[in-house]
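Quick note, the sequences are listed as chains A and B, same order.
Be aware that the first sequence starts at 1, since it is given in my numbering, and climbs by one per residue.
Be aware that the second sequence starts at 1001, since it is given in my numbering, and climbs by one per residue.
Among the clues, some could well be false.
[Stated by the list, open to error] Ranges between beta-carbon positions, derived for each pair:
| # | chain 1 | residue 1 | chain 2 | residue 2 | range |
| --- | --- | --- | --- | --- | --- |
| 1 | B | LYS1018 | A | THR150 | 30 to 36 Å |
| 2 | A | SER121 | B | ARG1035 | 47 to 53 Å |
| 3 | B | ASN1022 | A | LEU81 | 20 to 26 Å |
| 4 | A | HIS87 | B | ILE1075 | 47 to 53 Å |
| 5 | B | LEU1074 | A | LYS161 | 53 to 59 Å |
| 6 | A | THR150 | B | ALA1037 | 14 to 20 Å |
| 7 | B | LEU1054 | A | LYS161 | 54 to 60 Å |
I should point out that these hints are in silico values taken from the structure, not numbers from a laboratory.
C-beta: ideal position from N, C-alpha, C; glycine also.
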Amino acid sequence: MSELASRLADDEDSAWAELYDMTADAMFAYVTVLVGNREAASDVLQEAFLRLHRSRSRLRDVDDLKAFVFTVVRNETNRSLTRNRKHATTGEVTEPRIETDAHSHGDNTELIRHALTMLSSEEQELIQMKVYAQMTFTQIAAVLDLPMGTCTSRYRRSLEKMRIILQEQIR
Amino acid sequence: MNEFETIEQDLSRLAAEKPPSNLRSKVLEAIESQRDADAGGILLAPCGTEHARLKKLERTATFAATGLLALSLLIFAIVDRSASGLYQGRSDYVTQTQPLATRYDAKPITGQDKPADSPKAFFRRHFAMLQQFNSELFCGTSKKIPQTGGDRQPLGYIRSRLGFRVLQLASIASSRSEIGSAA
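Let's have the full structure, built from the sequences with the hints guiding it.
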């Protein structure tokens, strides 16, 4: 990974393609869940890669490249969400949150979505990082600046909470 | 733990499975465009350096202006506080004095409360007095000079008739030095 980081810092074409192949699927899934549609998620991901390219000299000092990429993607996602909220308050029409391809998986998906919204924003973010961005607890701890044990226990508590909510909904 | 895995799988279904196929090429093309733009920026480096220098100068000037303004306000506050101490809290001392002075200047010359040492008033008052004497002295001489056969000179007549006026004129003459100093 550090070898890739130094190649990225040297601005090698193949290194950027490699980084995309390595991270795009997980990052795209994460962004799509947050922004709600594939087009917006594509724009966010493209802008995030451009930001990474602009700050490529910093990549040489990065310990965990995936965590760094995720941080950039996360910041860009938050910027996009803030812009959308501003447009919504100024009366501009914004695209509704599109339920990607969830309908094809039956009603259970809706229950899961609802259970996820019942969690706090910190718990939701933790699950999004773990499940969608496919990050390890070490990477999550580095991004959130929390002890890894705290991240692990909080994640399990969040899933337990979701399980109870789902059980109540099924009854 | 199996329940957790099931929930994780269900959660992963909420997300899109794969990014659009053309996104990879779009991202790499955007990076390439940015690289070209950066290369253009390197050719314009001297301009960029100059621009950066001007920006730095502008930023410095902005901070300096703010600092000077703050310093001015501080000095003003210190002076104001010192002045308050000097007047023992009577900050209206100056503002009350000024209109009074203006009012005195605007008073007509006949005002009794006019300051005695005003040069203009002094001259006007004495000029009016002299005019009055003049009219009293010479109105009679020009129109009613007694025709006694030429044995009496007009001046002797005036002196005998208006002798007490001479004393007043003498008093004016005595204040000649005062007129000179006022002038």
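These are the hints, each one checked on the structure:
About 33 Å separates the C-beta atoms of LYS1018 (chain B) and THR150 (chain A), a value consistent with the hinted range of 30 to 36 Å. With their beta carbons about 37 Å apart, SER121 (chain A) and ARG1035 (chain B) fall outside the hinted range of 47 to 53 Å. Between ASN1022 (chain B) and LEU81 (chain A) the CB atoms are about 24 Å apart, so this pair conforms to the stated range of 20 to 26 Å. At about 48 Å, the CB distance of HIS87 (chain A) to ILE1075 (chain B) agrees with the hint of 47 to 53 Å.
In this structure the supplied range 53 to 59 Å holds for LEU1074 (chain B) paired with LYS161 (chain A), their Cβ-Cβ distance being about 58 Å. Between THR150 (chain A) and ALA1037 (chain B) the C-beta distance comes to about 43 Å, which lies outside the given range of 14 to 20 Å. Evaluation of the 54 to 60 Å hint for LEU1054 (chain B) and LYS161 (chain A) yields a pass: the beta carbon distance comes to about 57 Å.
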